[in-house]
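Chemist: Given next are the chains, with one letter for each unit.
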Amino acid sequence: MQATENLLLRLEIDAFNADYAGCIDDDALERWPDFFAEDCLYRITTAENLAANRPLGLIYANSRNMLRDRVVSLRQANIYEPQRYSHQISCLKLGARQGELLEATASFLVVRTMQGGEMSIFAAGRYRDQFRRIGEGWTLQRRIVVLDSKRIDTLLAFPL
Amino acid sequence: MSSRYPDANTGRNSPASVQFPGPGNTRVPFAAFSDPDLYRRELARIFHGPSWHFLGLDDEIPNPGDYKTTYIGETPVIVARVDAARINGFVNRCSHRGNLVCIKERGTATKLTCVYHAWSFDLEGNLTGVAFQRGARGEGGMPDRFRREEHGLRKLRIGTVCGLIFGSLSDEAPELGDYIGPEIGARIRRVLHGRPKVLGSVTQALHNNWKLYAENVRDTYHASLLHLFYGTFGMTRLSAEGGIVIGETGGHHASYSRGSASTAEGNKDYDGLRSNQSGFQLEDARLLRHVDEFGDGITVQILSLFPNFVLHQINNSIAAGIVVPKGPDAAELVWLYLGLEDDDPAMTERRLLQANLSGPAGYISMEDGAVTGFIQRAIKGSEAACAVLDMGGDGHGSTTSRATEASVRGFWHAYRAQMGL
Numbered sequence: 001m002q003a004t005e006n007l008l009l010r011l012e013i014d015a016f017n018a019d020y021a022g023c024i025d026d027d028a029l030e031r032w033p034d035f036f037a038e039d040c041l042y043r044i045t046t047a048e049n050l051a052a053n054r055p056l057g058l059i060y061a062n063s064r065n066m067l068r069d070r071v072v073s074l075r076q077a078n079i080y081e082p083q084r085y086s087h088q089i090s091c092l093k094l095g096a097r098q099g100e101l102l103e104a105t106a107s108f109l110v111v112r113t114m115q116g117g118e119m120s121i122f123a124a125g126r127y128r129d130q131f132r133r134i135g136e137g138w139t140l141q142r143r144i145v146v147l148d149s150k151r152i153d154t155l156l157a158f159p160l
Numbered sequence: 001m002s003s004r005y006p007d008a009n010t011g012r013n014s015p016a017s018v019q020f021p022g023p024g025n026t027r028v029p030f031a032a033f034s035d036p037d038l039y040r041r042e043l044a045r046i047f048h049g050p051s052w053h054f055l056g057l058d059d060e061i062p063n064p065g066d067y068k069t070t071y072i073g074e075t076p077v078i079v080a081r082v083d084a085a086r087i088n089g090f091v092n093r094c095s096h097r098g099n100l101v102c103i104k105e106r107g108t109a110t111k112l113t114c115v116y117h118a119w120s121f122d123l124e125g126n127l128t129g130v131a132f133q134r135g136a137r138g139e140g141g142m143p144d145r146f147r148r149e150e151h152g153l154r155k156l157r158i159g160t161v162c163g164l165i166f167g168s169l170s171d172e173a174p175e176l177g178d179y180i181g182p183e184i185g186a187r188i189r190r191v192l193h194g195r196p197k198v199l200g201s202v203t204q205a206l207h208n209n210w211k212l213y214a215e216n217v218r219d220t221y222h223a224s225l226l227h228l229f230y231g232t233f234g235m236t237r238l239s240a241e242g243g244i245v246i247g248e249t250g251g252h253h254a255s256y257s258r259g260s261a262s263t264a265e266g267n268k269d270y271d272g273l274r275s276n277q278s279g280f281q282l283e284d285a286r287l288l289r290h291v292d293e294f295g296d297g298i299t300v301q302i303l304s305l306f307p308n309f310v311l312h313q314i315n316n317s318i319a320a321g322i323v324v325p326k327g328p329d330a331a332e333l334v335w336l337y338l339g340l341e342d343d344d345p346a347m348t349e350r351r352l353l354q355a356n357l358s359g360p361a362g363y364i365s366m367e368d369g370a371v372t373g374f375i376q377r378a379i380k381g382s383e384a385a386c387a388v389l390d391m392g393g394d395g396h397g398s399t400t401s402r403a404t405e406a407s408v409r410g411f412w413h414a415y416r417a418q419m420g421l
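Taken in order, these protein sequences are the chains called H and V.
Heads up: the first sequence begins at 1 in the numbering used here, then just goes up one per residue.
Heads up: the second sequence begins at 1 in the numbering used here, then just goes up one per residue.
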């Protein structure tokens, strides 16, 4: 019984992450904030900063509205070369579940393709997540994106 | 080293392709951003020359024996704390066969030991241990003429200001305080009004010559034109009061502007502020709510020290950085985001939220690394053509207008003096 329940939970979170990756990779950024709770924390940091307990975020947002603002800025204000991401999310690991909250981690790899066709491994690392049960589905209460590398190639426009 | 530079430290000759036709410093040949010989000469005359280079923060090496590694130009260096009052710096190269002495970027040690042949150095850089100096089983070993005291690590001069550590490889550089000068020094002290601590760091790989970023940071003309974030969200700063302070040599600058009162903490009108031109507004305006911690109403101050140091204050976000040369067409921008020791949690949160404005994902900075990379691509085949720096005339004096390229011209003034060009 417990095993079946855990398996279903894995499938649900895996499917959530696949939708999340698809949203960014298909350039449907307007939907991206909807993966988060209204009072979410979304932070992109590096393994180095995390290990040293340094709170900086390359992106640091503590509300869903801040995520919406970032999308508007990317669409209307910021200048960057046309590019797209391909997320590979794997190695999902479920952690403690307390009531509506579920801890989880997953590995990610992002290949970035520029307009000229140049491809690079842009980012690799780990999501450290807290999901919240909303009805039949889930929302991200917290997603800490921990980059293995501290070096970003030129700029980080789209979210990870 | 190219044969065109028989002596990189004293030679006055320059490649025919790198001429500054003027008037003044208003024309910069694009070859200056790609010429490999010129680049080698910069490493010798600027990075190993009479300049000071930002190495890190006091707070990064708080305890005796703490060290970090960084670069002066392309030369790897070590910064180590001896005791509460003293910091030493060395070239990170073993005096024996040239191996890196410190392999890790940071650590704590009572002595520095090279992994190759276990030569060890104390925190003064003295060679204190040579493995098998007297040989093994009575054979081999160092000859009698070998003197340990002749084989210490190459030492840097070290200076500090407001918790920022600087180093120099040159005996000819003036004292750090004189190098910075009183006006620019006051602008550093204004921002770092408490003991700085590190909130985090990040590095940006740039596909361009280091000087394109050195120009960018001094370029007050582009700010509201390239970076549309403020304008898009109805916070145009075109009319904001401000100015530029340029140091005596031209190489250092501090530009500043006073934001409108509507961006100040507690002004409820701000949430609904809507641009006449754009119609966009922030859904969560907490991002920009700041307090006037400096007491002078200045909301943005961008400061540079020649050749490659930056200290910026954007609202309550503070960061120190260097652009590290990695070849004629590559560089790395290394940022340290700072808080102050006495910050309360609300101030720390402000600094973290406003850090969204800068860095690789910064609302008002992500374009900088993009544009400098675009220039590097665009100038191929146009090495003899020149960049035009006429905005605001041909001088590099301090000014109350930011519609000028005075501080960019100032950079080239200092550059040409040090390069002998």
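It is possible that some hints are incorrect.
In silico lysine to any residue, SDA-like type, Cα no more than 20 Å apart, as pairs [to be verified]:
#1 V/K111 with V/A136
#2 H/K150 with V/P76
#3 H/K150 with V/K155
#4 H/K150 with V/D122
#5 V/K326 with H/D153
#6 V/K68 with H/R54
#7 H/K150 with V/I103
#8 V/K111 with V/D171
#9 V/K104 with H/K93
#10 H/K150 with V/K326
#11 V/K326 with V/D122
#12 V/K155 with V/I103
#13 H/K150 with V/Y39
#14 V/K197 with H/A52
#15 V/K68 with H/S149
#16 V/K104 with H/L50
#17 V/K68 with H/L50
#18 H/K150 with V/K68
#19 V/K197 with H/D153
#20 H/K150 with V/V198
#21 H/K93 with H/L11
#22 V/K104 with H/L11
#23 V/K68 with H/N53
#24 V/K68 with V/D122
#25 H/K150 with V/K197
#26 V/K104 with H/N53
#27 V/K68 with H/R151
#28 V/K326 with H/S149
#29 V/K68 with H/E48
Keep in mind the hints are simulated off the structure, nothing from the lab.
Chemist: Assess, step by step, whether the Cα of H/K150 is no farther than 20 Å from the Cα of V/K155, and give holds or violated.
Modeler: Roughly 28 Å between the alpha carbons, so the hint for H/K150 and V/K155 is violated.
Chemist: Please work out if H/K150 and V/V198 have their alpha carbons no farther apart than 20 Å.
Modeler: Holds: H/K150 and V/V198 sit about 15 Å apart, inside 20 Å.
Chemist: Hey, V/K68 versus H/S149, does the alpha-carbon distance stay inside 20 Å?
Modeler: At roughly 18 Å apart (the allowed maximum being 20 Å), H/S149 and V/K68 satisfy the hint.
Chemist: Straight-line Cα separation of V/K104 and H/L50 no greater than 20 Å?
Modeler: At roughly 17 Å apart (the allowed maximum being 20 Å), H/L50 and V/K104 satisfy the hint.
Chemist: Between V/K111 and V/D171, does the CA-CA distance stay at or below 20 Å?
Modeler: Given pair V/K111, V/D171 is violated - Cα atoms ~26 Å apart, limit 20 Å.
Chemist: Within 20 Å, alpha carbon to alpha carbon, are H/K150 and V/K68?
Modeler: holds (16 Å)
Chemist: Within a Cα-Cα threshold of 20 Å, do H/K150 and V/P76 meet the stated pairing?
Modeler: This hinted pair holds, its Cα atoms lying about 18 Å apart.
Chemist: Keeping to a limit of 20 Å between CA atoms, is the pair of V/K155 and V/I103 held or broken?
Modeler: holds (18 Å)
Chemist: For V/K68 and H/E48, compute the direct alpha-carbon distance and say whether it is at most 20 Å.
Modeler: Holds. V/K68 to H/E48 sits at ~14 Å (cutoff 20 Å).
Chemist: Can you confirm whether the C-alpha distance between H/K150 and V/K197 stays at or below 20 Å?
Modeler: holds (19 Å)
Chemist: Does H/K150 pair with V/D122 here, judged by a C-alpha cut-off of 20 Å?
Modeler: Between H/K150 and V/D122 the Cα gap is close to 30 Å, so the pair fails against 20 Å, i.e. violated.
Chemist: Is V/K326 within 20 Å of V/D122, Cα to Cα?
Modeler: violated (30 Å)
Against the hints set out earlier in the document, violations occur for numbers 1, 3, 4, 8, 9, 11, 13, 19, 22.
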